[in-house]
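The residues making up each chain are set out below.
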Amino acid sequence: MAEKLVPVVCPWCSVGCRFYIVNVNGYPKKIEFDYENDIRNHGKLCPKGVAAFQYLRHPDRLKRPLKRVGERGEGKFVEISWDEAIKEIAQKLSEIKEKYGPEALAFLGSERCSIEENYVLQKLARALGTNNLDYVCRMCQSTAVAGKGMLLGHPGLTNPFEDIFKAKVIVLWGYNPAATNPVFFGQYIEKAILDNNATLIVVDPRKTKTAKYADIHLQPYPGTDLAVALAMLNVIITEELYDKDFVAERAEGLEELSKTVEKYTPEWAEKVSGVPAELIRKAAITFATAGTAALLTNEGVNQHANGTRTVMALTEMMVLCGYFGKEGVMSGAIPGAHNGMGAGLMGVEPDALPGKFPLHAEEHRRRIEEVWGFKIPEKPGITYVEMVDALLKGKLKALYVMGTNPAKSLPNLKKVEEAFKNIEFLVVQDIFLTETARYADMVLPAAAWFEKDATAVSFERRVQRSFKAADAPGEAKPDWEIIVMLAKELGLGEYFNYSDVDDILREINRTIPFLTGATPERLKKNLKGCMTPCPDESTETPRLFVQGFLTPNGKAQLIPVEYEEPGEVPDEEYPFWLTNYRFVGQFHTGTMSHRSKSLSKRWPEEYVEINENDAKRLGIKDGNLVKVETRRAALVLKAKVTPHIREGVVAVPWHWDFNYLTTDVLDEYAKMPELKTAACRISKVEG
Amino acid sequence: MSKKIFIDFKRCIACKACEVACEMEHGEARIRVFEFPDLTSVAFNCRHCEKAPCVEVCPTNALSKDDDGAVVLDPLKCIGCLMCGLACPFGIPKIDEYNKIMDKCDLCAHRRAEGKLPACVSACPTEALKYGDINDVLWAREGKIVAEFKDIGDRTNVLEAYLIR
Ligand code: SF4
Ligand code: SF4
Ligand code: SF4
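Going down the list, the protein sequences come from chains V and R.
Residue 648 is where the first sequence starts when you use our numbering, and the numbers rise one by one after that.
Residue 115 is where the second sequence starts when you use our numbering, and the numbers rise one by one after that.
Hints should not be assumed to be uniformly reliable.
[To be verified] Quick list of in silico lysine to any residue cross-link-like pairs, SDA-like style, CA-CA up to 25 Å: (1) V:Lys1285 with R:Arg226; (2) V:Lys1287 with V:Pro1251; (3) V:Lys854 with R:Thr154; (4) V:Lys1287 with R:Thr154.
These are computed hints drawn from the structure, not numbers from a lab.
Source: prediction; values computed, not measured.
Pulled out of the complex, with its shape left as it was, chain R reads as follows:
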């Protein structure tokens, strides 16, 4: 099953612990927090797309999907042609100027191998970042409401219960 990092922007306080945690782990932050004038903020990393354009365009197969569904880079195969960077609709793969190969979020492959969460998710003090399968994450977020739906049964109340949130 493919797992991703989801962001609950309602919870994000733009503290950038995720950026710093990623930077401590990889030398450079691969997640970025965008702040908007109305005080909302969104942390944004690679989406590890189901049909990932970067993987599709990579001429050397340096990019591939691992068992958890993360798009990972094999540095030995990367030739720094920048195709993935262009193909990514979010501009995620970045050139590492020193090594002249690409650098991108791999959902902390080495941490996952040890059974740990990605660094950014581990740190996030508000749990705005959630790692998991979309269905599990949705259930954790909306499940309480769904359970209430089942409990109440009365459609008008259900609607009210939903709207007051």
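Only chain V is shown next, with the shape it has when bound in the complex:
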């Protein structure tokens, strides 16, 4: 028995944990913890990491290409050969392009695939003449990217994990790392609090495992935290708690901002958000006078129709207090998946090129065209949620989906299902027959993360290599190989001349200046990877904004923000605020985690959390079945009566059918849908 230890990057969240897979003759036998290398997780793993290879050998794994025989959505298929599948797909895509033009095609990349795979996917779309490209960042990080991008010129996490030990105050806003990033929480945040006496401020309508450690816990109604942020800005400015030298030197727009937030007093915010004015004041003062602070956000901030505004207000708090560019601070939003950041950097976006350069930035377009050898279409494409409307209107005819599950992750799912029934041609390449794949004309079996060499970028901006630790089942192939096969069949072979992932990474090194130093050689030699920007092989950038911001004039832009409600708020008919949250042992739409035995045993089902007072009023007892109903759909769920959620708010874990309930109102800047809140009514189901 040839047993070998293969170093991999964890396939779940974006902390970038490393461990080994013990491989016996191509078969994954177990995992082993990695204590040797100077890695970020110090060998520690959360339950998902420990169970990470369980789904690999699940009997549901796709093993051969499939072609639909039944109705769309029915999920009836026959097996066909790779040759036939690729030929038919190429033919159909060419036909549609011929008949309706390239803009009738759209492509979805994936935060669960490698940077190399996302790179070839967007290159294919552009070679075919369309920028209709997106990935789930649109529903996870896009508001943070837009907000911080406008203000600071870069959306990434600013500092290395260690810096959090030196932070005097840690603010976790709409972010519950004890459940979503347990290793980052345990190895960095919790140690800062328990061993280094950092003060913790948590903003979350639920009392979470994270909030258990909070010195100050603000519980706004979902999506009204913008009011809290504006009021904190008000306190920081009116009480002159900000860093005057820093602002004078490195920011512009204070005057306008001061005028705007004048009216947003803590008392006003209390009325809007339900958070006591005194507590807001206390939080603002604690934050502003700390000396060093970390402010980390996540979906609780991002996934709202007012998300970009909230991100802007929070970023302004950090700027005003002069916290950027120093040790002992940290600012950032945390992508859901292990390569959420990497996929974005590859330009899987309707209006950005590899490197996230705007599509209209001519010098970059020219430069990349030179590397590629073909012209990049200039017209920006449409975003993820907008693709649904385009499908319904018949403007979009074909969708090519790589490793993502829109039929479960998009808001207002009934409408999405309609759209998918209306599609002319749908290709899905994935490791399981997802909800989306059921609508597909052609399903292509992909290799899972551990079954290929691949590079990912963790939320610390760390580029890391993961190695092939198991053979793919049946005829499944790495996503990049599938895309390259298709490109060749489409007659675009000359632009896709790669024989392995290293070839692709080398082209990425050439195309994206701040990744030039992340070469295959460096990443293989150095498992710790390197933090981008890494312009050459001996450089990396642990801290951002040390010299200046990445805006054109190097100064932070304090663009004033006005209050705006979230996408839907309660009224008489639908009196409750509905929100969602994540389980520590489930992941995204459950494609992998629902198929992991140890995880689904411990986190088997969804339920709705209701405050004990609300429950009493409605005659609901713990374990009763209740109907949770919004304007779009209803779910029947078990009630979990708890004091740990504020009155007037109910919450459902997101990994099952939550998105039948959500609305598809969009954030104006980022086109982020309102996923985090909806107005609902609840009633006991009798019998």
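Given chain V's structure and the hints, the job is docking chain R with the ligands onto it.
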């Protein structure tokens, strides 16, 4: 010297990585996380008692202590009489329904033999689980405070320093 797994419940976030790690190692989790309504949680495994009732009552000597002080089971000797299960004040030894013999935490004997930590301790992201000798674990936890005591010397300050924690 006898080593055990200690839990610092202040650090536990009820993520159950320990349970899953144990399950991956032994097929069934031998450690369990108990969650309380006030959000505290405690992971609980065999205590490997100094005077272990299970070892004392076992009629076939299937249970014994190994060199590290762990209470381990010899499956070839176990007759599944359930005496240990009854005698254990924590109800730790459980019957393995398939093999009709007992199953219990052995502090991952096979991992220790390779110089590795027990699986649950390896995984625990918050280091709520600590493996070692009680004195070492206590020193690691309280040592900083004790060192401060020695440094300061002034008794009132010492008391204050202790109380503010
Ligand atoms: S792994 Fe650690 S933090 Fe998680 S439940 Fe177990 S003891 Fe608690
Ligand atoms: S099984 Fe029970 S009695 Fe025996 S050592 Fe463990 S905790 Fe003690
Ligand atoms: S020491 Fe090993 S057997 Fe015991 S609880 Fe931990 S993982 Fe399970």
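Structure-based check of each hint:
no.	hint	result
1	V:Lys1285 with R:Arg226	violated, 43 Å
2	V:Lys1287 with V:Pro1251	holds, 14 Å
3	V:Lys854 with R:Thr154	holds, 12 Å
4	V:Lys1287 with R:Thr154	holds, 18 Å
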